[in-house]
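K.L.:
With the working numbering applied, the sequence shown covers 35 to 319.
Hints may be right or wrong, so weigh each one.
Claimed, not checked - With a straight-line cut-off of 30 angstroms between C-alpha atoms, the simulated DSS-like cross-links for lysine-lysine are: (1) 276 <-> 241; (2) 270 <-> 291; (3) 270 <-> 241; (4) 270 <-> 246; (5) 258 <-> 308; (6) 102 <-> 91; (7) 270 <-> 308; (8) 291 <-> 308; (9) 276 <-> 246; (10) 291 <-> 241; (11) 308 <-> 102; (12) 270 <-> 258; (13) 246 <-> 308; (14) 276 <-> 291; (15) 241 <-> 258; (16) 291 <-> 258; (17) 276 <-> 258; (18) 91 <-> 308; (19) 291 <-> 246; (20) 241 <-> 102; (21) 258 <-> 246.
Stated by the list, open to error - Now the in silico label distances, taken between C-beta atoms and shown as ranges: (22) 179 <-> 262: 34 to 42 angstroms; (23) 218 <-> 87: 43 to 51 angstroms; (24) 78 <-> 249: 31 to 39 angstroms.
Think of the hints as simulated: they come from the structure by calculation, not from any bench. C-beta atoms are modelled at their ideal positions from N, C-alpha and C, and glycine is treated no differently.
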Amino acid sequence: MIFKWKPVIELTERVLFLAAVRRVGRDPGPAIFSPLIKKAKDLAFLEKKGGLASLEKIGSGGCGEVYKAELPGQNGRMISIKKIVGPPMDAAALIEEDRRRELDWLARHRIALELACGLEYLHMHHCPHIIHRDLNPVNVLLDDDMEARISGFGFARAIPDAHTHITTSNVVGTVEYIAPEYLQMLTRTEKCDIYFGVLLAGLVMGKLPSDKFFQHKNEMSFVKWMRNVMASENPKRAIDSKLVGNGCEEQMLLVLKIACFCTLEDPNERPNSKDVRRMLLQIQH
Numbered sequence: 035m036i037f038k039w040k041p042v043i044e045l046t047e048r049v050l051f052l053a054a055v056r057r058v059g060r061d062p063g064p065a066i067f068s069p070l071i072k073k074a075k076d077l078a079f080l081e082k083k084g085g086l087a088s089l090e091k092i093g094s095g096g097c098g099e100v101y102k103a104e105l106p107g108q109n110g111r112m113i114s115i116k117k118i119v120g121p122p123m124d125a126a127a128l129i130e131e132d133r134r135r136e137l138d139w140l141a142r143h144r145i146a147l148e149l150a151c152g153l154e155y156l157h158m159h160h161c162p163h164i165i166h167r168d169l170n171p172v173n174v175l176l177d178d179d180m181e182a183r184i185s186g187f188g189f190a191r192a193i194p195d196a197h198t199h200i201t202t203s204n205v206v207g208t209v210e211y212i213a214p215e216y217l218q219m220l221t222r223t224e225k226c227d228i229y230f231g232v233l234l235a236g237l238v239m240g241k242l243p244s245d246k247f248f249q250h251k252n253e254m255s256f257v258k259w260m261r262n263v264m265a266s267e268n269p270k271r272a273i274d275s276k277l278v279g280n281g282c283e284e285q286m287l288l289v290l291k292i293a294c295f296c297t298l299e300d301p302n303e304r305p306n307s308k309d310v311r312r313m314l315l316q317i318q319h
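Assemble the whole structure, with the sequences as input and the hints as a guide.
P.N.:
Pasting the structure below:
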């Protein structure tokens, strides 16, 4: 039996298993491939009796089941753990196999649509309505079929029926993905979650706000760079080079336009989650 620890850090084809533990036969110890997991004892909780059974199951696929766990000593950092049922394989081989699984445009568009559907459910159909407050790549899990699931509800808050917003005493979440009005006023509305346009843009651009690329752009932010390129004579420069030439460039530019709407400075001008879902659904392949 092999366990793979799979923190879903990025949503492009750079999605890979950032951590893996090999437990085959009498192997002397875990082999860890991760910048996130520093030492073997970080995973000691899985060695305890019932360690895996006590975790929340969040999905399953043809080769195993996926569980969610909090990584000890990492300030609430969540990881997903895949229990592989099948012939033993070297952990490094599993890592390499997953690296080769590239997300084509159809897969990326499907992820974008599934995220919008998830937000629509939280904002409009769940009772009471829920504001996620920390929608970033770490809190998006991909199952074996590359279907996206929103996770990481540690900062989520319910909105009472008589209210349209909640006020907090401090900022929570991942700064690069936080709506500007929340940073300034500490007032959180459903439109703050709509700032997940940063995630939508990342799916098309193959970049993240934390990438070194933006450290060399005269301190230009991810969102500002996207807007500048989209307003230029050659907006296709924003598209991930691995997707260029696939014949879907116009579709990808439409998603970037939606991302621009979702990241408007004025939250009142942003679409709601239902509108985002409808716009993404109208993009034809």
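K.L.:
Tell me, in ascending order, the numbers of any earlier hints that this structure violates.
P.N.:
13
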